[in-house]
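Asks: Read top to bottom, the protein sequences are chains A and B.
Residue 66 in our numbering sits at position 23 of the first sequence, with consecutive numbering throughout.
Residue 112 in our numbering sits at position 93 of the second sequence, with consecutive numbering throughout.
Everything labelled a hint here was simulated from the structure, so no lab data went into it.
Where a beta carbon is used, it is the ideal one built from N, C-alpha and C, also for glycine.
Please note that a few of the clues may not be correct.
[Claimed, not checked] The calculated lysine-lysine pairs, modelled on BS3-like cross-linking and capped at a C-alpha distance of 25 Å, are:
| id | chain 1 | residue 1 | chain 2 | residue 2 |
| --- | --- | --- | --- | --- |
| 1 | A | K53 | B | K34 |
| 2 | A | K229 | A | K206 |
| 3 | B | K116 | A | K118 |
| 4 | A | K64 | B | K116 |
| 5 | B | K49 | A | K118 |
| 6 | A | K206 | B | K34 |
| 7 | A | K105 | B | K185 |
| 8 | A | K105 | B | K85 |
| 9 | A | K105 | B | K39 |
| 10 | A | K118 | B | K39 |
| 11 | A | K171 | A | K221 |
| 12 | A | K183 | B | K39 |
| 13 | A | K64 | A | K105 |
| 14 | A | K74 | B | K39 |
| 15 | B | K116 | A | K207 |
| 16 | A | K53 | B | K39 |
| 17 | A | K220 | A | K183 |
| 18 | B | K34 | A | K64 |
| 19 | B | K49 | A | K105 |
| 20 | B | K49 | A | K207 |
| 21 | A | K74 | B | K116 |
[Said to hold, decoys possible] Only some residues are given here: those of chain B computed to face chain A with a beta carbon under 8 Å:
| id | residue |
| --- | --- |
| 22 | R23 |
| 23 | S26 |
| 24 | Q27 |
| 25 | A29 |
| 26 | L30 |
| 27 | R32 |
| 28 | I33 |
| 29 | I38 |
| 30 | P40 |
| 31 | S42 |
| 32 | R123 |
| 33 | G124 |
| 34 | S175 |
[As the list claims (entries may be wrong)] Label pairs and their computed distance ranges (CB to CB):
| id | chain 1 | residue 1 | chain 2 | residue 2 | range |
| --- | --- | --- | --- | --- | --- |
| 35 | A | S210 | B | S175 | 47 to 53 Å |
| 36 | A | D114 | B | N24 | 26 to 32 Å |
| 37 | A | K64 | B | E36 | 52 to 58 Å |
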Amino acid sequence: MVNMESCDNKTDEELVELSLKDSDHFFCLSKRYEEKLLKYIGRISKFSREDAEDVLQEVFIKTYYNLNGFDPELKFSSWIYRIAHNEAVSAIRKKAVRPTIHLEIGDLERFGDVFDMAGDIDNSLDRKMIDIALSHLDEKYREVLVLRFLDEKDYVEIADILKKPTSTIGNLISRGKKLFKEEYEKLIGVSV
Amino acid sequence: MENRNISQLALERIKEEGIKPISRNIFSIKRVLFWVLVAISFIIGALTFSLILSALFNNDWDLYNKFGFSFIFRTLPYFWLISLAVFTILGEYYYRKTYLGHRRGFILIMGVYLISTTVFGSLFYLIGTGRFIEQSLENEAPIYRHIMLNRYEVWSHPEAGFLSGKIIRVMGEEIEVIDSNGFIWIINMQDVYLRGRVEIETGERIKIIGRCLETICIADEIRPWIGMRKMMR
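Kindly produce the complete structure, drawing on both the sequences and the hints.
Replies: Printed below as a string of structure tokens:
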């Protein structure tokens, strides 16, 4: 087993090269993304933590299997998020559940900052409302809002994860924000 | 509930199941393949554009007055226009499949593709590629005549004085021509005007304007089948 500390000063790209030589190094790479991807899968699915962990395990296996397909022209994080996104969407379809957002406290603060409603979202009811408002959005808006405001990805990264043009991502985010505000206001009955 | 160490579990599974990364060559081949498909779509698109230019510039626009507005619809190179549309869509599709192709928008890709196709297609036309391909298809691919049926149709009205065919015999001021239906016509060229660089020799495909009766035509004008200039053979 590779010592995690020895991986700390290595870039993702270096770890990819090392993982191709020795699979033990892949542990460092997967560990680096484990928590972030688990949250991401949880945010875009209705899965329990256990189910999300199962999906994540498949993500890591697929990532390792396709490791030679990674090209440093793309950020590794975008590449592994794309695999996670595809795997989560595929699992959602298999389970035939409507994807929804599972928000945590930190997520809520970030959303509050973006939509200028920090003062209004300090209780679980508001959290539920944001959750519902996001769930009411079309999938194409929901996924870009999650990546932009919860996973804090930039437009190019989102374009790479979802394999859509950068200009389309900009339009989806702008439209998605507007639709989200409308949905949220409809639910709470006041303007924010 | 205690969280599972997913990274550890994944690594154990990789080792237990002996999972190995797919060869780098497979990905390299896939990437090159899509660029090759983009290039093929582009080259065929540009050649198609040169054929469209060839068809438009060599169309018998001077007959517009005789046939009226329908002449445009009867002689447009539909097959090549559809081909250009198909290869433009294919080019866009394959480009999007390249490694970072998804980043560019549909309009941008289509715009660049169409401008490049126009520029290179015009160059192909200027160096004579369009007419060369058309001539080769006419001579070597019989199916091409069925595809370009509308052009033949315009020149298959002997009763109206419009005839086309291949010269099979030259006899002084008369020639024998076989049309696309296999009928043999005797063409009298006593007062004929030879338009463009048409050459009256066996095997030459020509268009005739004149007065036809039964199997004889008095030709007023003869022009080459493709273009007004003779193709190099």
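Asks: State for each hint whether it applies.
Replies: Structure-based check of each hint:
no.: 1; hint: A:K53 to B:K34; in the structure: holds, 23 Å
no.: 2; hint: A:K229 to A:K206; in the structure: violated, 32 Å
no.: 3; hint: B:K116 to A:K118; in the structure: holds, 18 Å
no.: 4; hint: A:K64 to B:K116; in the structure: violated, 29 Å
no.: 5; hint: B:K49 to A:K118; in the structure: holds, 20 Å
no.: 6; hint: A:K206 to B:K34; in the structure: violated, 31 Å
no.: 7; hint: A:K105 to B:K185; in the structure: violated, 64 Å
no.: 8; hint: A:K105 to B:K85; in the structure: violated, 68 Å
no.: 9; hint: A:K105 to B:K39; in the structure: holds, 11 Å
no.: 10; hint: A:K118 to B:K39; in the structure: holds, 22 Å
no.: 11; hint: A:K171 to A:K221; in the structure: holds, 19 Å
no.: 12; hint: A:K183 to B:K39; in the structure: violated, 34 Å
no.: 13; hint: A:K64 to A:K105; in the structure: holds, 17 Å
no.: 14; hint: A:K74 to B:K39; in the structure: holds, 19 Å
no.: 15; hint: B:K116 to A:K207; in the structure: holds, 11 Å
no.: 16; hint: A:K53 to B:K39; in the structure: holds, 23 Å
no.: 17; hint: A:K220 to A:K183; in the structure: holds, 12 Å
no.: 18; hint: B:K34 to A:K64; in the structure: holds, 14 Å
no.: 19; hint: B:K49 to A:K105; in the structure: holds, 18 Å
no.: 20; hint: B:K49 to A:K207; in the structure: holds, 20 Å
no.: 21; hint: A:K74 to B:K116; in the structure: violated, 30 Å
no.: 22; hint: R23; in the structure: holds, 6 Å
no.: 23; hint: S26; in the structure: holds, 4 Å
no.: 24; hint: Q27; in the structure: holds, 7 Å
no.: 25; hint: A29; in the structure: holds, 4 Å
no.: 26; hint: L30; in the structure: holds, 5 Å
no.: 27; hint: R32; in the structure: holds, 6 Å
no.: 28; hint: I33; in the structure: holds, 6 Å
no.: 29; hint: I38; in the structure: holds, 6 Å
no.: 30; hint: P40; in the structure: holds, 4 Å
no.: 31; hint: S42; in the structure: holds, 6 Å
no.: 32; hint: R123; in the structure: holds, 6 Å
no.: 33; hint: G124; in the structure: holds, 4 Å
no.: 34; hint: S175; in the structure: violated, 49 Å
no.: 35; hint: A:S210 to B:S175: 47 to 53 Å; in the structure: holds, 51 Å
no.: 36; hint: A:D114 to B:N24: 26 to 32 Å; in the structure: holds, 29 Å
no.: 37; hint: A:K64 to B:E36: 52 to 58 Å; in the structure: violated, 19 Å
Figure legend: structure checked against the earlier numbered hints; hints not met, in rising order: 2, 4, 6, 7, 8, 12, 21, 34 and 37.
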